[in-house]
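Participant: Order-wise, the sequence lines are chains B and Z.
Start counting the first sequence at 11; every next residue gets the next number (my numbering).
Start counting the second sequence at 8; every next residue gets the next number (my numbering).
I should point out that these hints are in silico values taken from the structure, not numbers from a laboratory.
Every residue gets a Cβ at the ideal spot worked out from N, C-alpha and C, and that includes glycine.
Misleading hints may appear alongside valid ones.
List of simulated lysine-lysine pairs, DSSO-like, C-alpha gap at most 27 Å [as the list claims (entries may be wrong)]:
1) B:K15 / Z:K128
2) Z:K16 / Z:K354
3) Z:K126 / B:K15
4) Z:K128 / Z:K323
5) Z:K11 / Z:K356
6) Z:K323 / Z:K16
Sample of chain Z residues at the chain B side, in silico, Cβ under 10 Å [as the list claims (entries may be wrong)]:
7) M97
8) L102
9) L177
10) D180
11) G184
Ranges of calculated distance between the beta carbons of each label pair, as one might list FRET restraints [as the list claims (entries may be wrong)]:
12) B:V24 / Z:L42: 48 to 54 Å
13) B:I29 / Z:K15: 51 to 57 Å
14) B:V35 / Z:L205: 24 to 30 Å
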Amino acid sequence: VNLRKTVARGILAVIYLGIGVLAFVYGRGHHLFIDNPSGSGAVTASIGSGKPLTIKDGGMRLIKVKGQEETIHLVFADGRQPLDIRVSIPILADTVGINLSGLQAGAQVEAIPLPDSTEEH
Amino acid sequence: MKVKFDVKKFLSDNIVTIIFLTLTIIAIPFSKLSLVYIASNLIDRFARSAFLVFALILPIVAGMGINFAMVLGATAGQIGLIFAVDWNVMGIQGLILASLIGLPISVGLGWFCGYILNKAKGREMVTGFILGYFMDGIYQFFGLYLMGWLIPIRTAVVGQVKGTGVRNTLALDSVRGALDRLVSVPLGPFNVPVMTFLVIAILCLFIVWFRKTKLGQDMRAVGQDQGVAHAAGIAVDRTRIIAIIISTMLACLGQVVYLQNLGNMFTYTSQRQAGYFAAAAILVGGASVARANIANVFIGVFLVHALYITMPLAGKEIFSSAMIGQYMSDFINYAIISLALVLHAWKNKQNADRARAGLRGGAESAALADRNAAAGGSK
């Protein structure tokens with residue numbers, strides 16, 4: 011009986027930790043720098059159901075994203091075809107960056123971890 | 008047989024609620040607030056605080072009075088939130104993580120608290136009150152010295168500029184409204200946080216179910232008479248510890264729900280406010296230190312918040328200062344706690360006199376003691 015109780019408690023502990031890990035992985039937030047280099051024109055970026063952000067030519071925007079992967083819908087002011095890109099973000103990076111130049115539709119972009127001078131000690 | 012309605016008994020049993028209701032009714036017209044505004048605020052505030060107040064029911068059922076040591080559970084919830092914010096876990100996942108971190112801490116603290124309260128039988132409330140202050144000291148040591156020194160702080164949002172210690176005020180932007188906005192339905196002029204209400208409803212069902220279980224019945228038996236419960240084979244001390252552990256766990260979850268609604272946290276004082284508020288609310292709702300139910304929580308939360316909403320503006324109209332109104336609502340809250348405790352002591356004395364007189368000379372002496380007590384009470 012004791013063994014059964016111990017096993018049951020062990021399973022519950024594993025489930026408890028598992029829920030914690032899942033909450034951490036799916037809820038981990040990141041600051042995402044979107045860099046729109048000069049010469050590529052203004053671009054409007056929409057992430058999930060959030061409201062669209064306009065990034066001027068040569069500008070940058072900092073947004074908060076949740077989870078390790080995010081799809082960004084880009085609409086270019088110069089009339090180019092809109093793009094949907096998938097950005098994968100390293101779980102432990104607080105601040106990451108992507109560069110919008112040279113992206114193609116459906117591209118999988120690896121966000122680059124950046125030093126966070128505003129938030130880290 | 009027809010039961011006669013006893014006005015005197017009704018007034019005596021509900022005096023605290025009646026005083027509060029009267030004050031609120033007087034304050035509403037003076038505040039000049041529309042009923043829609045008051046109702047909208049009440050919905051928001053009810054979602055914020057109801058969970059926290061439920062934490063007090065089980066210790067009352069188990070005869071331990073108002074669990075002022077629920078502050079320990081609230082502290083555990085805050086520790087969970089500090090880590091969730093520091094690790095930047097956002098939304099509902101952040102709340103889940105905060106709860107998962109806080110719950111084991113609250114179980115440990117609840118056991119510790121229950122153990123101490125068993126050593127101080129008959130003086131549980133004052134012991135719980137002092138335990139709250141004791142925990143405040145430990146928490147400040149943890150928050151101001153261990154965090155950032157022994158336990159790393161990752162972000163400047165949480166850490167103080169000097170490097171060690173958690174900030175006095177934390178912005179909970181990453182989890183603000185995460186539960187309230189998960190499912191929120193606009194209903195006319197109101198915005199109803201359906202998910203929060205669902206969680207509160209589940210908690211109500213849990214309490215109704217729990218009171219019917221063997222453990223729930225044991226708690227009630229222990230609350231009514233510990234000697235009889237012990238003679239009946241109930242493990243009195245263990246049952247009391249479980250009541251406090253459940254209360255502390257609910258306080259932990261309640262504080263997480265409370266703070267996600269507020270959106271910011273006074274790191275070193277929020278937990279204390281939660282304890283005072285919950286005690287005032289359940290007493291205003293008609294509970295006593297020996298009797299409480301779900302309806303007391305609902306009535307209490309609505310009445311206390313109705314006064315909080317209307318009193319500052321009523322104070323501004325009556326005394327030409329909103330601050331006086333704010334002070335008055337705080338003063339009334341504390342006065343209510345005192346009044347409820349005094350009434351409880353007075354009723355206990357009355358019952359003891361009656362029992363003593365009954366032992367001395369039967370029914371006639373008991374009736375005489377009743378008359379004397381009534382005369383003493385009316386002086």
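Participant: Now tell me if each hint is right for this structure.
Facilitator: Outcome of the hint check:
Proposed proximity of K15 of chain B and K128 of chain Z is contradicted: the alpha carbons are some 33 Å apart, above 27 Å. Taking the CA atoms of K16 of chain Z and K354 of chain Z, the gap is near 12 Å; set against the 27 Å cutoff, the hint holds. Using a Cα cut-off of 27 Å, the hinted pair K126 of chain Z and K15 of chain B is violated, with the two alpha carbons roughly 30 Å apart. A hinted pair counts as satisfied when its Cα atoms are at most 27 Å apart, and K128 of chain Z with K323 of chain Z does not qualify at roughly 45 Å.
With a CA separation close to 26 Å, the supplied pair K11 of chain Z and K356 of chain Z stays within the 27 Å bound. Of the supplied pair hints, the one linking K323 of chain Z and K16 of chain Z is violated, its CA atoms being roughly 36 Å apart against a limit of 27 Å. Checking M97 of chain Z against chain B by beta carbon gives a least distance of about 4 Å; that is within 10 Å, so the hint holds. The restraint placing L102 of chain Z at the interface with chain B holds, with a minimum CB-CB distance near 9 Å, inside the 10 Å limit.
The closest approach between the C-beta of L177 of chain Z and any C-beta of chain B is roughly 14 Å, which is over the 10 Å cut-off, so the hint fails. A hinted interface residue such as D180 of chain Z counts as satisfied when its beta carbon comes closer than 10 Å to some beta carbon of chain B; here the least separation is about 9 Å, so the hint holds. Of the supplied interface hints, the one on G184 of chain Z is violated, with its beta-carbon coming no nearer than about 14 Å to a beta-carbon of chain B, more than 10 Å. The hinted window of 48 to 54 Å between V24 of chain B and L42 of chain Z holds, with their beta carbons roughly 52 Å apart.
Taken as a hint, the range 51 to 57 Å holds for the pair I29 of chain B and K15 of chain Z, whose Cβ atoms sit roughly 54 Å apart. For V35 of chain B and L205 of chain Z, the hinted distance range of 24 to 30 Å is satisfied, since their beta carbons lie about 25 Å from each other.
Checked against the numbered hints given earlier, the structure breaks hints 1, 3, 4, 6, 9, 11 and satisfies all the rest.
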